[in-house]
Every structure is written in structure tokens, then in C-alpha cells.
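Colleague: Use these hints to put chains B, C and D onto chain A, whose structure you have.
Now for the letters of each chain:
4 protein chains.
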Amino acid sequence: MINSPLNRRLRMALCGGGGAGFIGKVHRTAATLDGRTDLVAGAFSSNLDRSRESAVAFGVDPDRAFTDFQALLDDELARPENERIDFVSIATPNFLHFPMAKAALEAGFNVICDKPMTTRLADAQELARLVEQTGAVFALTHNYTGYPLVRQAREMIASGELGEIRAVRASYVQGWMRGVDPAAPAARGMWKDDPEKNGPGATVGDVGTHAFNLVRYITGLQPAEVLAKLMTYSEGRQLDDYGHAIVRCQNDALIMITVSQVTHGRLNDLSIEIDGEKASLSWRQEEPNTLTLRRTGKAQQIFDRHPGADFMNESGIAACRLPAGHPEAFFEAFANVYTAAFDDMVKRATGEAHDACNTVYPNVYDGVEGVRFIEQCVASSQNDNTWQPMC
Amino acid sequence: MINSPLNRRLRMALCGGGGAGFIGKVHRTAATLDGRTDLVAGAFSSNLDRSRESAVAFGVDPDRAFTDFQALLDDELARPENERIDFVSIATPNFLHFPMAKAALEAGFNVICDKPMTTRLADAQELARLVEQTGAVFALTHNYTGYPLVRQAREMIASGELGEIRAVRASYVQGWMRGVDPAAPAARGMWKDDPEKNGPGATVGDVGTHAFNLVRYITGLQPAEVLAKLMTYSEGRQLDDYGHAIVRCQNDALIMITVSQVTHGRLNDLSIEIDGEKASLSWRQEEPNTLTLRRTGKAQQIFDRHPGADFMNESGIAACRLPAGHPEAFFEAFANVYTAAFDDMVKRATGEAHDACNTVYPNVYDGVEGVRFIEQCVASSQNDNTWQPMC
Amino acid sequence: MINSPLNRRLRMALCGGGGAGFIGKVHRTAATLDGRTDLVAGAFSSNLDRSRESAVAFGVDPDRAFTDFQALLDDELARPENERIDFVSIATPNFLHFPMAKAALEAGFNVICDKPMTTRLADAQELARLVEQTGAVFALTHNYTGYPLVRQAREMIASGELGEIRAVRASYVQGWMRGVDPAAPAARGMWKDDPEKNGPGATVGDVGTHAFNLVRYITGLQPAEVLAKLMTYSEGRQLDDYGHAIVRCQNDALIMITVSQVTHGRLNDLSIEIDGEKASLSWRQEEPNTLTLRRTGKAQQIFDRHPGADFMNESGIAACRLPAGHPEAFFEAFANVYTAAFDDMVKRATGEAHDACNTVYPNVYDGVEGVRFIEQCVASSQNDNTWQPMC
Amino acid sequence: MINSPLNRRLRMALCGGGGAGFIGKVHRTAATLDGRTDLVAGAFSSNLDRSRESAVAFGVDPDRAFTDFQALLDDELARPENERIDFVSIATPNFLHFPMAKAALEAGFNVICDKPMTTRLADAQELARLVEQTGAVFALTHNYTGYPLVRQAREMIASGELGEIRAVRASYVQGWMRGVDPAAPAARGMWKDDPEKNGPGATVGDVGTHAFNLVRYITGLQPAEVLAKLMTYSEGRQLDDYGHAIVRCQNDALIMITVSQVTHGRLNDLSIEIDGEKASLSWRQEEPNTLTLRRTGKAQQIFDRHPGADFMNESGIAACRLPAGHPEAFFEAFANVYTAAFDDMVKRATGEAHDACNTVYPNVYDGVEGVRFIEQCVASSQNDNTWQPMC
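Residue numbers (the working numbering), protein chains in the order written: chain A, 44 to 434; chain B, 44 to 434; chain C, 44 to 434; chain D, 44 to 434.
Extracted from the complex, chain A is given alone in its bound form:
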């Protein structure tokens, strides 16, 4: 739906995500779910034929398909403003996030970037500076923040319904690595075991940053220091595939983050339980349409994703597309990150101010924090599991 003062759809370029790959389809589907954007350009593949084939398949003019990201940007800048893209979505392996995001920001475009934001903290910090300089909209696709009941939980906590938060347990457990032969060149995400391309932490980066960000997003707790124990259980791997991180927060709350990609049969099991002084909350990504509130001595309350119910708050309702009982899921949550970023892109395009620090979507500062989380978990794990500063 074109619900925008711009009176037009936004124009999107996609980096990576060609062919039938998972994450490219997710970005395309999520970005266009509400009819607010058109995919018009892309560097879909490092092979020109494949990039152009993808363009055709995606309904994009093949002349706007490139292999080189800078060429794409140059081409865009040469186009009249009413054709030019509004934003770039970066869905490439980790090590390409930084150069692409940097170039896109410098060219004046808004950026939607996969996580972790960069492979090094210094690069992440440079992106933050660039966002500040350019005023561009920068969203990081910590997509699980887009679930309606995650936003509901965030507002509940911000409004004090849980009292002070004392402890959080978040865990992100997968098992796909049990089915991967690490020696096979075609194995899923081989670059994820290459520190140069992936960054220093594998599972702690791939899923750990999601869990950490989810805690931060929902609770607003400020981390003080982290202690981690990372392990590599899959034979032949260099990087971690399992671990625990304990984050001590500035108010002395504890956050326990557990990550695994080697737990047989677990799929994409991100879950969180939050202990407040007044109540506790729990939520699980694989059954995202319910949120449980508990108070000692009271009935457990199951909150359905239910825009018409008396318990729903503004943030929760705003993130729903369907009535209760009509389950919403991964694509819709992912699209909610896009939608929130689109709102700020429209503001920027129409000259209206947007608050880059306090966004509905995870932003560049969340990206910096995520990269710091990875680096300090690795540092703690390599230094006898000692505490490392997180601020």
C-alpha cells in the first residue's frame, strides 16, 4: 500500500540474494509484502549472466543488474532522481557488508543491512559515523524484533509492567550443522567458518547476535561486561559452534545467552524469558503468535497476537497485519523491520526529521553493539573466560 506522503513506492536495490537462495528471497518478499517498494536494481551475483537472469526473474530491468556494487551505485547516481533507488538492501556474506554499506552511505543512499553488521568493530564504528554524517536511514535486519509480540513485550517493559528487569535467559539453538559435511565445498554457508569472511565468531555471531539484540531490544538493559565460553564440537571446524555468554548489566541484571548450531533436530529455536520484579515474560520464535506473562500466585496469561484484545498495546497492534488466530510468521516479522525503516526513509525524503538513535527497527548502533558482543565473547573465551567490558 502506498501510504506515504511521497505518493510513490520506494525503489530498492538488492546486493546478493540472487538465484533461489534463502536470504535473498526473504529480503525481496519482506520488502515488497505491503506494496510499499519496488525492486528496481541489483548486484545479485558476481557472475553477470546469473545477475541478469535473477533480474529477469525478479521483474527487474536487466540493464540495472550488475556484478560490481560500485558500478550499480554509479549507474544509479547517473539516473534522474525520479528513477533512482531510495535504498540498498545488503544480503551478502558478512565481509561484504562493510564496503557495500560504506559505499551506499557515501553515495547518499539509505541502507538495510544483514547482521552481524561487520566483521570488525572498527568498521562498525565507521558505519555509525557515516550514518551520522549523511543522515541516512540505516536498518539492521535483526528480523526477530519485527514480531508483533516482541514489540508488545518491549512496550510492556518500557511502561513498567514488569518492574525492574533482574534477569534474562535467551537461547538460540539450531542443529543444521549436524547435517553438514564441513569438508564438502557446497556445504551451506562455508564462508561462515572463515574468520576473514565471517568475522571472529561464528555461531556467536550468526545466532548469538540475534539473541543478544532481542534481549536489548525488548528490555533496554545496558550491558556492562561479558564472560563467555565458546566451544567447537563439529569436527574440522575452526570457529565456534556452541557456547554460553553471561552479560552483567549496569543495573546488575544478568543476561544469559546460549547458542548452538549442533543440537540435533533443533530448527531455529530462539527463545527468551525475562524476569522482572513484578512479572516474568516468555516468548519463542517458533511459536511466535503467543506471549506468556506470569505472576507468582496468579493464573498464567497467554497473550495471543490479537489486535482486538484488551491487553494489546500500541506497538503490538501496529505490528499486526491479520486478526488473531490467523497466524503471522517469519516473513511478516521481517517485513515489519522494512516497514519501520520505510517510515524513516519517507521522512528523510520529504525533509522531515527522524530520530536515528531511537528507532523501531534495529539500527547502526545496535550493529556496533552486536559486533562488540562477538569480539568480547571471543576475547573472554580465549582469555580463560574472564570478564570483558561491554561499554
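Think of the hints as simulated: they come from the structure by calculation, not from any bench.
Just so you know, these numbers come straight off a predicted model, no measurement behind them.
Treat the hints loosely; a few may be bogus.
Straight-line alpha carbon distances no greater than 27 Å define the calculated DSS-like cross-link-like pairs of lysine-lysine that follow [stated by the list, open to error]:
1. D/Lys145 with D/Lys240
2. C/Lys390 with D/Lys341
3. C/Lys341 with A/Lys321
4. A/Lys341 with C/Lys68
5. A/Lys240 with A/Lys68
6. B/Lys145 with B/Lys240
7. A/Lys341 with C/Lys145
8. A/Lys68 with B/Lys68
9. D/Lys68 with D/Lys240
10. C/Lys68 with B/Lys341
11. B/Lys68 with B/Lys145
12. C/Lys341 with C/Lys321
13. B/Lys321 with D/Lys341
14. A/Lys341 with A/Lys321
15. A/Lys68 with D/Lys341
16. A/Lys390 with A/Lys145
17. D/Lys321 with B/Lys341
18. D/Lys341 with C/Lys68
19. D/Lys145 with C/Lys68
20. D/Lys341 with D/Lys321
21. C/Lys321 with B/Lys68
22. B/Lys390 with A/Lys68
23. A/Lys240 with A/Lys145
24. C/Lys341 with C/Lys390
25. A/Lys390 with B/Lys341
26. D/Lys145 with D/Lys390
27. D/Lys68 with D/Lys145
28. D/Lys68 with A/Lys341
29. D/Lys341 with B/Lys341
Modeller: Just chains B, C and D now, with coordinates in the frame of chain A:
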């Protein structure tokens, strides 16, 4: 994605579904989820301003927005073929399905129609004749058939994994009517209590046909006769809001259909359990990403919607868009009905034959059967709960 | 615990239940769980050696072990009052319930009897007359009524928390018959397919009366008439193994009872959902420690079996032995039926009045109703599924 | 049932557990559930009247009720052997476990003792020496090991079905402390915040040792060192009420133990998930009748507590009292610890050897390990969360 020998997206018109209404948004989102169609025209509202506003909001040229469905068809027929719509989606109150579908078919267009298909059996049968005459693609949006694990179940049963099916229990239970004041003109779906606009059965039509169709779709059981007991528990209503129907099948299997729209707090609880000679299966729409298989004396098996797992069959895999653990839900299932119909529309447009009787999507014959189910449930209920023929 | 004005434990005789059989162990364990009774006599088996062996194993004086029930009664009557049993528990095949219960009542003893109470309605009615004549305590082990949250639900409804009850769906689904060879003489419960020994309805009697009684116990709804469709799906069986019964109540509420013993992999799945004007309730025997209350537009409330919680009522609390989170289950529920009957036995023994019509435990009138339910379900099923009176 | 070469029931004394208290009732009920023991003596209370009242209520001769444990032992030793107790159950606050167990062992009796075994490691080690010297049976009531599916899991792992165990996550989360006023003298378990009476770790001892023991019992993993972070979130408390402990095992497996008694609304939520090279297993105490086995790429398998199913092993079957679908719970699991200890007591009484190191029930060495776990968790937490040896 334009994965089509047509080498272009299909062109869609939408009847009804203007404004912020639920079902219109569902049709628009589902139809466009995979990038295979563009909404280009519509009779979105019976008020011209609102119809045009909707057009703008949906990115449709306002000159192709109408209030009168026949005007829309005339306009389309006057356009060059390369602009003309391929199909019409009908998302209006029940009584408009028949005249619109009839006109669309007579004008040569394909039709996607909401359920129940018509308010009278004779009208349903006329549509079936028209589909046969025109060779048009006709899909009925019994959207729950689009869930990957529903299609998985269907193929499992067709291939004999459950043995002969002996009994099925399907239940579709909602509670929203407990929050509706039947005297309030703005109450949701007021036309649903008007037999002229809705047809003779309300809840048995609104949700009962979904449950009945789901049983038929998954099991292929052939109904012989039905006995029903319908009730009206909401004060001030004319039509049913609760009931049970027992269907005896030709192989003497029993299907029990339970429907309610007056069960406090139930949302959209469509569930099914199927007893076969070799195993039983159960599935529930509100948690659509798992299917349970049971065999006496064996471990229960939970099948995740998991395109990479060893238990998935072709039908199940083909209906997945995401890897396991990344939940798919209502929109994706709804889109799968569209997708399957698109495949046949492309065949028709390119002159390839399609089998109108044996479709992946619910078709016009399912529509006839659904309307017969409603009429015979009402007849049984009004005649001392005696058996009424279903074939 | 001897919490009794009698200042002693009650003395129990057991009929049937010798050896390692399931139901005898259940009765012994349940009866003695709270230390309020001692098993002192029995007709454990029709084989004297086996009856005596059982006695020894159960800590009973072998001289008080018999094969013939009347001999047991005679022996008891010959003993001094301070040795004599207080009650007889009857855990035999159905056809023995009536002669044993009759003899026990006539001899002045209290009776705990398995269900269904008798194989014929006339016998059941005779037992009711005998109970009235003798003033004996008579409890029927519809053991599922002993679950704390079942009693909680009963009091909630009695006190009006759900408003008028409009509809109930109860279902009792098992699958063990899928593993039984009906031709094998040792198959579990062979007498259950013999109408002489079992009564006219098999599954409708075995599990259907439990489901029906549970509805009656919790809701107090008064049945008016019943329509049933019973089926036999297991090869070689005479009696029913599957079916549905619709009970129309005097207030026009509908009760749907579904029974099966042929659903692959289902264990002992008794569940109930109750629709009231103000709220709905659901509970499931296999997860008996939670009860769910729903109200349209509100959060679902999960009531744990939690004697310390603010939502628990007197009946619920009184039936708990353990704090919340320490699950209680089948034995404890069964024991609660005994416990309640013990309270009335103590009253009777001390000359205090007890109200035989309005008991915490299922009583002889529930037994009459259960046998009527079986007979009328069979009659309806044999008469073209017509309505049969239930009052 | 007297299934014993002794040809009589065992005789039990109970220390503590008078009145209506929770843990005394649990011990009495569990010990007598199978009719293998009689409670014949006790030091039920430090108040003589109350101790005698308890005796009467429990069916015990009041002359065998004491306030002083040594007096009880002296009285027993003075009795003829055929009256004398076989064992003592100790259900007192922690600090009394050691002197009572020591005295009972020295007097030649078997001991069933609550956990944690002692308040100091040295005392625990002394008990181990005494057990070795006396040859007495000593069982520690880590009652959760008595669940049938826990024993099933243990045998599955011992037989290699999961492959090498790489990681375990166990968590024991309660919330009752949220409802306790720490200043109120009558608050539940006040002695639990007194290091003299409770030992140095509160929640880590109260529930943490259960979780740790459960991991050890099921997996057999050998701990090498532990790192812990304990917190006190309840105002006014001295000791811990929340924490995490990471145990590194000798095979480099990680065990994460999470404990809380301050999580609003959580009841008694002990859960465990075990990652093996070949499969993972998960189980939860509040729903103890199912166990889940997962393998990447396969259907999840839900194992019901089902003595007749093909997946059950000997250990699992032996621990069941009821057929599947008839839930068993806390009392039955607790009784299984007693039952296993009874088997060894009978062996000892009849002069048959029993293996004190390798027992079905948690034994004195588990007790030593549990106290070491507490002490080293506290030490780590007080020393900047450094690793402390566990062997």
C-alpha cells in the same frame, strides 16, 4: 518471481476488498507474495471515491477503479490484450460471488473466488457448467489447503501411508461472536446473518465449509449422507452460530464436523484428526508448522514443516518457501492457493491443457460440494436431524 | 492419615484385582494413598491359590482370601465388629458388578464400584433402591472427577463464573485396540466384546460413560435426549469401538461425546471443552495439572493446579496433595474419589447424616444415568440415529 | 506389595515431617505407595505433644514418637529385632541431616536422606566413609531421578543411542520467593536463608543440586571444573536466589545449570536438554510423561511413558506403575527412589551383596558431589567467577 513461460506477470482485478478490510488485504498480499502478479484494476467499493482512493493506495491506475463490476469487465475487454487482466479475485459478501463469477467467466476471465461459492446450490452448479464451457481456471479460496503440511498430509494419505481412512474429526471453533452486539449496524459481517446475502447457513457456511473441504482435500473420502444439528446461541440472531454435522462416507467412514463462533476466547481454531487403519494424523491451523503422526505402540512423530527432512514428500516440499524453524503462516498458505491457480492460468494462456477436475487448489466442484453441504446440514437440522443425501 | 472421628483406619475388601492386573493395583494404591484404610480381605481371583497368593502379596491374612464373594461376606459378618470390613471395592468385569454390589449392600456394607455400574438399566435402578434402603455409601469410580482442576471447574461453573452453559464437547480417544488381535484369547479385556459380560455398548460404555459423567459432574447440565452413531471398525468385533453421541439438554445446551478405541497412537485422551455465556473452559486428562479459561478479547488464563494461587476455589484446593509444579496425576485423582467416599463412610459409621444425592464422588444415581446413556446410545444407533429420551 | 524374600514389610522411622508439612507427607506417601513398608516410629517434631499427635495421625504407636533423634535410636536398639526399624528417613532442615544420618548409620540402620546431604563437604565425606564401613544402604532423595522417562533416558545414553554427549542445559526455575516476605518469621523455609542451617548456597543448593544431579544421573558425564555466577535479587536475603553455573567435564562437554527462585509464576520448572553426537533429548519435570528425541533431518519423536511401546527400555518399563495415558507424577517418581533403595535393603537384610557405588537410586557419593558442587559454585562466585575444581 516471473517463473512463467508467459514471460510476464499476470494481471489481476479485485472485487471488493477496498479500504483497510481484512479479506481484501489478504487477497492482495497473497496474490502478489511471490511477485507473479500485479493488481491492475478493481471494483474495490460501491462508492466511487472510495474505490479510487483504494486504487491509489494499492498502486492501481484510478481510471481502472470502478463501482460496478460489469463496467470493469467492459473496460477490460475494450483494452488491448497486453494490458487486459488475466483474472478476477472476488472478495465480496457471499451473494455477490455468483453474479460476479458468472460475468467474469462469460467475459473469458479466470476467477479466484471466496467461499462459500454461492448462496444457492443451483447457482453453484451453473458456475461449474460455465467453467466447463469456458475452460477458465476457477479457484476457490479454501486457503487452509495451502498449508505445506496439509498438502504433505494429502499426499501421505493418497500414497497409502495411513491405510484406509475410517474416521475424521474436524472442528472449526471461533469466539468472536461473543464480542459482537448483533443490534449494532457496524458489527463485523452483519450481512452474515442475512439469509439473502449470506445463504441459508451462517457458521456452517462460514467456517463449516472450510472444515468440510479440509477433510475432503486431505482424505479424498466420498460423502454419502449428512446428519446435522445446528443451533443459534447468540441472542437476536436468525442463523446458526454453532453445530455438529456427521457425514457418513461411501466407505462407511464417519466425518464429524464441529463448528462454533460462540466459544469464548477461541480464535480461529481449525483442527483435524484422521484415523487410518495404519496410523492417525493430526494438524491444527493455529500451529500450522507441525503435523503429528501416531501409530499404536510407537513413538509419536512430529513432522515439522521442513523441506530438508527425510519425511517430507513432494507436495509438502513444493509448498514451502522457507527452511524449517522459520515459521510460515496464513499469508503463505493463502498464496499457495493463488500460486497453484497461476500455474493453470499460465497453461491456459499458453494453450497448454490443464486438468480442471484434479487440481492442487480447491476448484469449482469443491465449491458445489460446499454449497450442498450447507444446504443439507440446514435441511437435516430443520427436519429432526435426519440423514440427507450428499451425493 | 487417620483424620477421622472413628479414630481408626477403615477396613477394605477387594473383589477382583488380584495378580499384577492394572485396575486392582489402582484400587489398592488409591484406597491406601492417604493412610486412611487397610486392605484386610478379598475375593481376588476365582482360583483359590491365586487368591491366597494375592492376599500374601498384599499383606492380607490368607484366611480372609476367597474365590466366592458370598463366602467373603459371610465370613465378614461372622467376625466381631472391630475386625469387620467397612466397605467392598468391586474391580471385576462389568457383569459381576451388580450381583456383588447387591450382596454387599444387603449385607450392610458400603460399596466402591467400577463403571459402568451394571450391564442393564433395571439392575442399576435396583442398586439405587438398595442404596436408599440401606443408607450405605455407594461410590462409582468415575475417577477422572477426582482431579483437582476438575473439581475446580465444577465449583467455578456452580458459582456462575462461566454463565449459562451452552455447549460442551467431550472426547475420549484411545488406540489400544489397534494393537489387539480380537481372535487371541489372551487379548486385553476379551469380555469387553461379549454383550452378556460387558453390556450392550463397549467403547461407549468403557470410555463413553467416563466422558458423559465428566460433563455431568462439571456442568450439572440435565440431559433430555440423545442421538448416537456407533461404529465397529475393528475386524471381528461384535460391539462398538467408535462413535459420536449428541445429547440435547433440558436448557437446549448440546453435549457432543466422541469415543474411540481405534485411533492409532492415542493413549487415554479424555478432554473436555465447555462453552459458557461468559467464558469457556478446557481441560485434558493427559495433562491434568492445567485448566484453561478463555474470554473473548482477554488473555487466555492458564490455571495451574496451585493450592496457593488466588484463582483456586475451595473444591480445587481441597483436592490437592502437593504444591504447584509438583505434578499430581492418575493415582491421586483416583484416591480423591476414595477419600470423599471415606468421609461419608465415617459419617455413616458415627451416625452422622450424609447426603447421598449430592456427593463429591460419583454416586449410584450417576451409575443409573451412565447405564441409561449406554442403552439409549445403542438404541439410537440401532434405530436410524433417532433421538432417544434421557430422562 | 510384599514382593520380598524378607516375607514382611520394611519398618520405617521418619525424622521431621510432622504435621501437615509438605516434605513429610511426600516421604510417607512415597515410602508406602507400593505397600512395601510401614511407618512405625518417628521424631516428627521437636515438641513432644506435636510429635505424638503426628504419630497418632500417621497410625504410629505414640510410644514410638520422640523429639530427640538419639532417643529414638536408643529405643529402637532396645527392641527385639522383629520390631526394630529397617531404615530412617530424614526430612529435616539441612543442618540436621549430618548428625542424624551419622547416628543412624552408626546404629546400624539404613538411611534415606533429603538433599543437599550436608551443609559442609567434610561432613558429606564422613558420611561416605560411614556408609562404606557399615555397609548400610544410603539413598539421597534426588527424587526426579525416579521418573520413568528419566531412567529411560539414562539407559538410552548408557547404551550409546545418543553418541558421545557434548553439551547439556539444565535449568530449575521457581518463583515462590516472589511471594515471600523475607522479614516474616513464618515465611516458608526461613532456615533456608541461614548459612548455618542451610549451608553456604541457598538456591544453588535447594534446586541447583537437583539439576546437577539429574544431569549426572542421566548422562554419567564426569565434571572437571565449575564456574558460577550467583546473585541475590530478593531484598533482605543473605544467600543466593538466582544463578548460572558452567561445568566443564572431563571430555570437554559443557553443562550449563541455571537456577532461580525469583522468576515470577514459575512453579517447579526443572528441565534438561542433552546434545549427543547422534541425537538430542529433552525432558521437563512439569510434564514428566513425555520425552523428546530429535535427530537433524528426521521427525521429532515423542516418547510417552508407555510400558507397552517398542521404544521403551528395561529401566523405563521397570519404573512404570500404570499404562500409558494414565499419567504418573511426583509421588510415583519419589516412590521409585524408595523402591530401589528397598531392593538393596532387602539384599542387605538377607545377606545378599549390593553394589553401593552403582545404584539405581542417588547414593552417598552423589551426596558428596552435590555438596562439592554447592561449595565450588559459591567459591567461584565469590572469586570473580573463576574456575574451581570439581574432582
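Colleague: Which numbered conditions among the earlier hints are violated in the structure presented, ordered from lowest to highest?
Modeller: 2, 4, 7, 18, 19, 21, 24, 25
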